[in-house]
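Make one complex out of these two single chains by using the hints.
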Amino acid sequence: MKKEITILNETGIHARPAAIISKTAGEFSSEIFIEFKDKVVNAKSIMNILSAGLQKGDKAMLTITGEDEAEAMMALEELFNSSFGE
Amino acid sequence: MLKGTAASPGYAIGKALVLRNEAIKIEKETVANVEEEKERFSSALKKSKEEIIKIREKALVNLGESKAAIFDAHLMILEDPELIKTIHQKIENNYNATFALKETADEFIAIFEGMDNEYMKERAADIRDVTDRILRNLTGQKATDLSLLDEEVIIVAHDLTPSETATMDKDKILGFITNIGGRTSHTAIMARTLEIPAVVGLNNATSVINDGDFIILDGETGKIDINPSQDQIEEYKRLKDAYEKERKDLEAMRGKASITKDGRQVELGGNIGTPEDINGLLRNDAEGVGLFRTEFLYMNRNTMPTEEEQFSAYKKVLEAMNPKPVVIRTLDIGGDKNLPYLKIDEEMNPFLGYRAIRLCLKENKIFKDQLRAMLRASIYGNLKIMFPMISNLKELLEAKKVLQEVMEELNQEGIRFSDDIEVGIMIEVPSAAIISDMLAKHVDFFSIGTNDLIQYTCAVDRMNEKIHDLYQPFHPAVLRLIQMVIENGHKEGIWVGMCGESAGDQRLIPIFLGMGLDEFSMSPISILPARKLISSLSYEEWKKHAENMLSLSTSEEIIEYVDRLKLNA
Chain A
1 MKKEITILNE TGIHARPAAI ISKTAGEFSS EIFIEFKDKV VNAKSIMNIL SAGLQKGDKA
61 MLTITGEDEA EAMMALEELF NSSFGE
Chain B
1001 MLKGTAASPG YAIGKALVLR NEAIKIEKET VANVEEEKER FSSALKKSKE EIIKIREKAL
1061 VNLGESKAAI FDAHLMILED PELIKTIHQK IENNYNATFA LKETADEFIA IFEGMDNEYM
1121 KERAADIRDV TDRILRNLTG QKATDLSLLD EEVIIVAHDL TPSETATMDK DKILGFITNI
1181 GGRTSHTAIM ARTLEIPAVV GLNNATSVIN DGDFIILDGE TGKIDINPSQ DQIEEYKRLK
1241 DAYEKERKDL EAMRGKASIT KDGRQVELGG NIGTPEDING LLRNDAEGVG LFRTEFLYMN
1301 RNTMPTEEEQ FSAYKKVLEA MNPKPVVIRT LDIGGDKNLP YLKIDEEMNP FLGYRAIRLC
1361 LKENKIFKDQ LRAMLRASIY GNLKIMFPMI SNLKELLEAK KVLQEVMEEL NQEGIRFSDD
1421 IEVGIMIEVP SAAIISDMLA KHVDFFSIGT NDLIQYTCAV DRMNEKIHDL YQPFHPAVLR
1481 LIQMVIENGH KEGIWVGMCG ESAGDQRLIP IFLGMGLDEF SMSPISILPA RKLISSLSYE
1541 EWKKHAENML SLSTSEEIIE YVDRLKLNA
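So the sequence lines, in the order shown, correspond to chains A and B.
Everything in the first sequence is counted per the numbering used here, starting at 1 for the first residue and increasing by one.
Everything in the second sequence is counted per the numbering used here, starting at 1001 for the first residue and increasing by one.
No lab work stands behind these hints, which were simulated from the structure alone.
There may be inaccurate statements among the hints.
[What the hints assert, rightly or not] Once the Cα atoms are required to be at most 27 Å apart in a straight line, the calculated DSS-like pairs of lysine-lysine come out as:
1) A/Lys56 with B/Lys1337
2) B/Lys1054 with A/Lys23
3) A/Lys37 with B/Lys1121
Just chain B, with the same shape it has in the complex (with noise of 0.2 Å):
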């Protein structure tokens, strides 16, 4: 048995193909017609680059556009100025061309894959994609033609180059082995695009593995058994059935409303934090962002961000996501997190401290910076607006009037920003759930923060390894709160979401479905099994357990409840 990084999930049971291209055989000579050299080189760079548009359309159809903008790259690396200069100086000194080339291309590999960054060191692998079809041409030696397989296999390689993985017959392949990467190379990555499981990182599967060796490949746990016996087979052919089952099911609610079935829709949002997630939001059909955390534009930097530099972010968000609706937070930053621009002191306990709300309210042109940031943005999209760490009215009643002192500047200077935005706030604090009646009066809508309502809630330190068991996401006064904000928050009309981690749990989703919550915010990756979840429940039955369950007096006692329901189910 091997064990590798897990890089794309799934099963794959089959024969294996080992890849061992032959290294080119690259030999020093030296030639006397440096133009007739100079020619074949060029004849081989139109070949290549005649190869490479080939591959661009083939990969344009299987992979989508931005996959296949991959090969704009090697096709400008094939045009390189700089390579082409390097090589001709060298057959002008009487080289020949695929030494000239091997030479050159292994000085540029040699800097990538010398940089102190994983992304550039996978640029050397573009650059050994492109140079080795050029020596290829040159010297007419074939590669393993993954376009033309025969019978399905699991592909064992080194490692794969964007173009092998562009033109090969994915039908007929079942897996992917390699030595080298993890589970952000491109082997990787390909690998989840095509949902094709991989176990990547083996070290030496290219020699321990044999061509036409059966090979079991877990892609959940990165195992990799070879010519296994029968009962493994068979007990991995259950798992795979399993997950196939399970993938097929979960594919069937893309594209579906999420709607009990009695009738009862709500909302399943993402909660993201960077405006790359957006792709992972599409990917797993969000129908909104719940939560849009704006931190990752203030850390990791010396200065503040600009107005401009927030903007095209939030900008980028909301035109992704148009005219699904998304609800940006403000800045929920404080002493736990060091700023070099902010001087913030340092506090006994940064969580009960300066931060949030707080400290937007306290520094006015940071909060303002990002009023207009986001009220420029949007015109873009369906922008809704959340205030983090409210404790009292107080606080939201000032949060709101320098939004409104924002909107005015704005006006004023005649720029234009969406007149239709709901402004909403974060329940995270307790004191803010118990008094959410009379907050409910002045916002369109309130966010459950599960996170901090727990651990405000129950006094608990979430990174408290010694105190984890009492942080209670099940505690009937956490359950009680939440049904409160929730009734509070429909009493004056205005919807009510989750955005903590409990927003996705599936033990939980049906007891606050049966509260009434409107909308669900999670990690994209449980937006569709949280689908198919809703789809099986009756939110009249969940309604009564609900009711139910509050009146149980321990944590235990409602787990328990929920899960004998679902052994009954």
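So here's chain A without its partners, still in its complex pose (with noise of 0.2 Å):
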């Protein structure tokens, strides 16, 4: 399944940021990519997140197949509205 996610907190996707998806990512068997612009980034691993440079305002598109899909969509949609905690 695939949902268009905006980056809403004021400083982007950072270290800690990161840190929270890719944790978050990894707590589900699906497999979980962030697609944004020309990159496809695996969302359970730290640097490639990082390395997609993703600001405040930019949409990115999250990608999750396998058999928790519909969970780990949920868990991560809401990491993102939630900008995070900031």
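Here it is as structure tokens:
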């Protein structure tokens, strides 16, 4: 499944949000990718997420495939929408 | 002599320890037994992980939670599935683990170093720190251990890694000198946190300075002297002693009330521009926020900030400062700032134009959204609302009416907000200062905005270099207006503060104190020096001095009066 997400937090995806995303993604067995511009990055990899350089206001596509994809989508969407608690 | 970037203040005088951690020797080899090599790699990972966990514990004790969190990120890099996958693939192609790791790490480092963002460039240093640790564990090559130093030294290095700064024995380290980095690089930030003087970005420090050289490090100017003369050493020892005494005196002010010798207490607050600035406030022991500018929420973007975004910014500051007061100023923006979503025509005189409260009263939705966000956040702390650029009573009453409407709307929606919110105005327009007796009947406080008050009173554009000398904070007209505003406020029983640059000025503070100012809000770095100054003054004496000064006719005479008192003190 796919869903578009927007980066809401002021400072974009720096180390702390990237750590939260990869940690959360790592809890699911599904494959989780973030598509942004011409890049597709593994959401379980903190370095991959950071290297996408997502800034405030950027829109990216979350692509999740696997048996727990619905739960994973819910958890990650919630994270992005909450601005990672910032 | 070398010159670099002064990254952390203070002086260090002592022997250099040059860190020339030999580059780890890595050769490409072909391995036959893939499983054995993978095993070797994972045991190096395991060992590195244990080390980082230990460093994290140490960092937590020495540096606190926020700095220790860096090592959580390091653990995640260490366990990064993409990193491990790539390395495993290379080992499966019969590369040795060391080479596979080095090549993979370099690829990631190159991506980060190539990014057009200082913050991301710094992350390359984290990746290097983690992967170097694994490499050393794979090859058995040791790095210099900065936790075991026999004598006091000034560290000279290409750069310092987060794990080095977290584990070092800071009692033995007098200063840092590095080849690379700027004021915001990891080493610079750590040096300031640890209060160790540092000069960074010297390019070739590690090749010019030798182990054991005697060094003077000047963290104020960024100068480094190698093997200086005895005279220079003596001079710097004096500077260092004076600096340390000053710092000790300021430290002694922390946690104290801001109170004069004869017992008059005032409040020293800080001016901030974003929620991130609260760290600086807390570090400098601010007694509140005297001015929270909200313009940052509206700038550098294409759409209006939502009520929700504003709410979370206000809540963050209110919560962090609670129960200390936080004065939030409503939007102060006009034709000099180009907001793409707010079409304001270009004006001949934007500072005398359609701006601040004038704009907010016309752009009703912007104003109401902001007030709603503030009110909703009010339950998280001690909120005070302040309207900028009020120039007549009608404006104030209109602004208060809008606030009342927003409160009623929230009540109808059943949304809670504090029932104890003070409402005040900036006094920055001379007309407001002159009718401050009337305005005082309708507000809970005044805050004098000296930057604009001086500019409007003296009719001087602050940015115009040619007339720079006419911008006079000591101008008798400005001081008389300030005196009048304080008196008029007190007659109506409201408190009067100040949030312009003058409020943090060491020569003006005594005058305003003598005039009876209740609150001073300044840049956070000025707070402890201001408290130290106030604690050395007598309110009764300065009351008389302030009166005397108001009979002087020029700015120069007033400055001379102040300086003479200082000399005699």
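Consistency of the hints with the structure:
1. A/Lys56 with B/Lys1337: holds (21 Å)
2. B/Lys1054 with A/Lys23: holds (21 Å)
3. A/Lys37 with B/Lys1121: holds (20 Å)
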